[in-house]
Structures are given as C-alpha cells and as structure tokens.
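Assemble the complex: chain A is given as a structure, and chain B must be docked to it using the hints.
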Amino acid sequence: MSGGAKLQVRVAEVVEVNDLVKRFRFVSRDGSLLPAFSGGAHTVVEMDDHGVRRLNPYSLMSDAEDRSGYEISVRRDDQGRGGSLYMHRHVVPGMEMTLSYPVNLFPLDNRARKHLMIAGGIGITPFLAQIAQLTHFGGRFELHYAARSKALGAYMDRLTSAHPDRVHCYFDDQKQVIDLEKVLENQPIGTHLYVCGPKGMINWVLSTAEAMGWPKQALHHEEFLAPGTGLPFTVELAASGKTITVGPTQSLLEAMEAAGVEAPYLCRGGACGQCETVVRKCDGTILHRDHWLTPEEQAANTKIMPCVSRFEGKTLVIDR
Amino acid sequence: MKVDLTPVNAPSIRSRPVYATLEPRPGKLHVIVADDEGAAAVVEMVGKANDRSGMLAASHVMYCPGPTGTDLSAQLEVLGAAQFFRAPTIPALLPRLVRVLADAHMGTQFYLAGTEGLIGQAEREIMATGFPHASIQKEQRGSTLRRVQCVHCKGITENVATDPFKCSHCGLNLFVRDHYSRRIAAFMGVCIDAEDPGQVPESVVRFR
Chain A
232 MSGGAKLQVR
242 VAEVVEVNDL
252 VKRFRFVSRD
262 GSLLPAFSGG
272 AHTVVEMDDH
282 GVRRLNPYSL
292 MSDAEDRSGY
302 EISVRRDDQG
312 RGGSLYMHRH
322 VVPGMEMTLS
332 YPVNLFPLDN
342 RARKHLMIAG
352 GIGITPFLAQ
362 IAQLTHFGGR
372 FELHYAARSK
382 ALGAYMDRLT
392 SAHPDRVHCY
402 FDDQKQVIDL
412 EKVLENQPIG
422 THLYVCGPKG
432 MINWVLSTAE
442 AMGWPKQALH
452 HEEFLAPGTG
462 LPFTVELAAS
472 GKTITVGPTQ
482 SLLEAMEAAG
492 VEAPYLCRGG
502 ACGQCETVVR
512 KCDGTILHRD
522 HWLTPEEQAA
532 NTKIMPCVSR
542 FEGKTLVIDR
Chain B
42 MKVDLTPVNA
52 PSIRSRPVYA
62 TLEPRPGKLH
72 VIVADDEGAA
82 AVVEMVGKAN
92 DRSGMLAASH
102 VMYCPGPTGT
112 DLSAQLEVLG
122 AAQFFRAPTI
132 PALLPRLVRV
142 LADAHMGTQF
152 YLAGTEGLIG
162 QAEREIMATG
172 FPHASIQKEQ
182 RGSTLRRVQC
192 VHCKGITENV
202 ATDPFKCSHC
212 GLNLFVRDHY
222 SRRIAAFMGV
232 CIDAEDPGQV
242 PESVVRFR
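The listed protein sequences derive, respectively, from chains A and B. Sequence positions in the first sequence follow the working numbering and run 232 to 551. Sequence positions in the second sequence follow the working numbering and run 42 to 249.
Rather than coming from a laboratory, the hints here were simulated on the basis of the structure. Quick reminder that beta carbons are idealized off the backbone N, C-alpha and C, glycines included. Only true hints are included.
Some but not every residue of chain A turned toward chain B, in silico, with C-beta under 8 Å:
1. 342
2. 343
3. 344
4. 415
5. 417
6. 418
7. 419
8. 420
9. 421
10. 423
11. 442
12. 443
13. 444
14. 445
15. 448
16. 449
Pairs of lysine to aspartate or glutamate residues, derived as DMTMM-like cross-links and limited to a Cα-Cα distance of at most 25 Å, are as follows:
17. B/207 <-> B/243
18. B/195 <-> B/243
19. B/69 <-> A/441
20. B/69 <-> A/340
21. A/345 <-> B/144
22. A/473 <-> A/507
23. B/69 <-> A/373
24. A/447 <-> B/64
25. B/69 <-> A/412
26. A/413 <-> B/144
Same shape as in the complex, but just chain A (with noise of 0.2 Å):
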C-alpha cells in the first residue's frame, strides 16, 4: 500500500518555540501507545487544507523511548507551498490528524566510536531525538548548531544546559561561523559525522569532510525537499491509461493520487527512493530535484522520483 499503513492521532499540545517555529505533540486517538521509533527517523502528516491534501515529512524530535506520543517542530514557511501554514494557522490541540508510521532515512551508525553532529537551523530536529537515544546508553556525540539568531535557535537552551560541554551554539548575526575543518581534524578515528540543515551547508559539510580524507561511509546526511513549484506539464501514466496535468503548485506524485492512481511513496521529499518510476518516453527534459537517483541515473533520464522532481517540454511517458 502506498506509504504504508497510518497512525490515527490526535493533537495533545501545540508550543510556539520561537516567531518562526511551534512543536507539535500527537496521542494516539485510542489512548495506545505509538510504534517505537529510533533517533532520525521521520513521519509523514497528512493535512487536509481545505480540499487540498497535503503530506509532509517533518523529524520526530521527541525521545524514541516515550512512545505515549511523537513530536515534531515544523518551521514556518511563508514562501512554500503552504504544509507549514497549514501547520502554523490551523492545527490546534484536539485536532484529529493521520500520521504515517515512523521511517528512519538517517539512523545513527551504532558501530562508530564518536558521533559528531551538525545542525543547521530547524535541521536540529533528528538530533533531538538522537541526543536523547545516546544520553540512554551512554554513547558520545559533539553538537555544533548553528542560527540565524539567539532568539531563532530553537532548543538550544534545552540542548546547552544538559549538555554544556558536547554543545557548541553559532549565531549569523553576530557573523559566528563553524570553524569546519578544525572541528574535523580533531574527531578520533571511528567517529561517524551527521549533517541536516539547509542544501548550502550540508554541500559544504560533506565536501570539506570528503577533501579531508573522511570516507564517504561515516558520512550522513538528511535533507527534505519541498516538491517545489514550476510550470504545470503533462504527463501520460502508461500502466493506468491516463493523462494527467501536473499544476504549477503540484508535484507529479500529488497529480498522480488526485487521478486516483495508486502510486508507492515513503518519504515525499526525494531522499527515500521509494517513488522511484520507470520513464518510457520523454522528448522533453526531466528536471530532477531529488537526491536519490545517481548523477548517471539523472542523466539517462529513464527513471524519475514523481515526489520531487517536474518535466519541461513535449512528451513524458512514466510506467504508473
């Protein structure tokens, strides 16, 4: 079944974090206890915004051990397609709301002796939910977080007074920058680096990293991208006969589930590779915005990720 089967929750607690950040904390609808969940994992909630069906994925940040509910903190976007508005406006205690079952695309590695951790505003969140599952067994792990401003870094009063000699805090305002490669050069051998914050600074994390000679293995990272916007296109779904008109706000998975066409998907924002679907034509170019498909995979243009990615010219055809 498409994403999997779902949780059916209700809202316990709405917090605003900070003027662009509140947190949300779900219960089970039936009082049960929620599906236990590991440190970086993600769930994807189903919004109902008025006719439109949105689902985005958002980090659990809460502790994997309290499974009486799950917490996520979502970050207002005034810009985006609308997920986080609708969070923000409208979702309020006792709402009852559809969650999928937890995914983790960005488990800690267990074997690593060390982990070191690098957080990029709202990208604190799977660090939350880590911080706590190591604080459980002990493991040893170095934060460096990095805001636009005091008054913007959310939890890291909570994150400085637990642990004030693993967390390191960065401002932008006041021009604070991650001194990167002193940070790298002195982990032990067997430290493994997580990286999750805006697409400029998990590139700078994980080149500089890879330029000194870290291996590609004890590096991880997540990024969720929003479907993004572009011009609506066509496409024709060989496998249920339909064509379809992809609109400039929809992405061509949100197209494919309006038509009524059952399409697989986990994580909706490109990383997971779930969505994945074969192209059987396509006189056009596809514009790839996942980072699933490899460079090659992206240039063959035999394959697209519907979740994110969007076409530009005459005929598309995808096997769905």
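Chain B in isolation, oriented as in the chain A frame:
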C-alpha cells in the same frame, strides 16, 4: 569420493572477500600495513601518488614477512616513510597497529596489502574503532594460505594449505569453505565426515 572445490580466487559467495588495487587517497595520516608480497603493492601505490614525498612524510608503514618466508622489508624500508616498523610475525605486528589507532584521527587513510590473514586481522582492529570497513583499502598479494576457524571447537588454524585438513585444536577433518567472517577474520572449516566418520576425501593442496 569426489568433492567439487571452488577456485581460490573466484568470488563464489557474498561473504568471500574481494580485493582491489591500492590507490593513494587524500589524508593527513596514511596507515599502511603489509606482509609477504604486499610490499610490492605498497611500492606501486606510493608510486602513483601525485605528491609522493608528501604522502611518505605522513605515512606509517608496518610490515612482516609472509607465511612462506618471503621478506620484502628492504623494499619498504627504502621508501623513506615517516615511520617504518618491521615485525617478525602478524601477532607481533598487530599491537603496533592498535597503538597507532588509539591516537589516530578521522582523515587517516588505511591501506592493507598481502595475505588474507594479515588483511583480515588488521581490518578487524580498524573496524573495532567504528571506522567503516568498506573504506579500508585492501589488496591481496602473495600467499593464499588461509586462516580457518573450526566451527566445532572454535580454534583457529593458521596457514591452511590443504582441503580438507585436520583441525590443529580438536583434530576433526575440516572442509575449508569460502564463508568468511570479518568479525573473526577467518574462513569457516566444517567437519567433512560427520555423517560417515572416517570417510574423508583425499586432501588437495588448494592454498599456497
């Protein structure tokens, strides 16, 4: 009794290790561990480095002779690495590696070359730090004698040449499989005459 034996170098099953050619990679420390004819692989690898002297100035080379007596330590000694250590045997070499690992930082590159026994045991020490095993470079050279664990008594027999062979600990007749354990750094030896004791196929020299 005819037993079909797998050729030594064929990647017959998934757990059978495969090896590649060593390539120089950027790093602030190069830990190079070799035995037997692995010395030649190290010399060739260093020869490919863009900054040969820079690489050697950041290299720690450890070497021991191979199980059949091959000793190419002179080839490595003349390279001029920052540190060169010659051990008489693998067990005498490993404590040095462990000591180096204790102080090593990320950005270190690992190069292992020579017999599977040396490669596997060095890899196990590096893996124990949490360093991903797939990021350790390994090139097999020289003797193919195997390090085999008896799955019955758990004793390890070094330098196994024939298949089947007698376990040096419990004396069972063991068939040498391609099943390999990274954790134990050894191939698996299984009793070949468990059902018909004494019905042991003729030993064949498979590993040299």
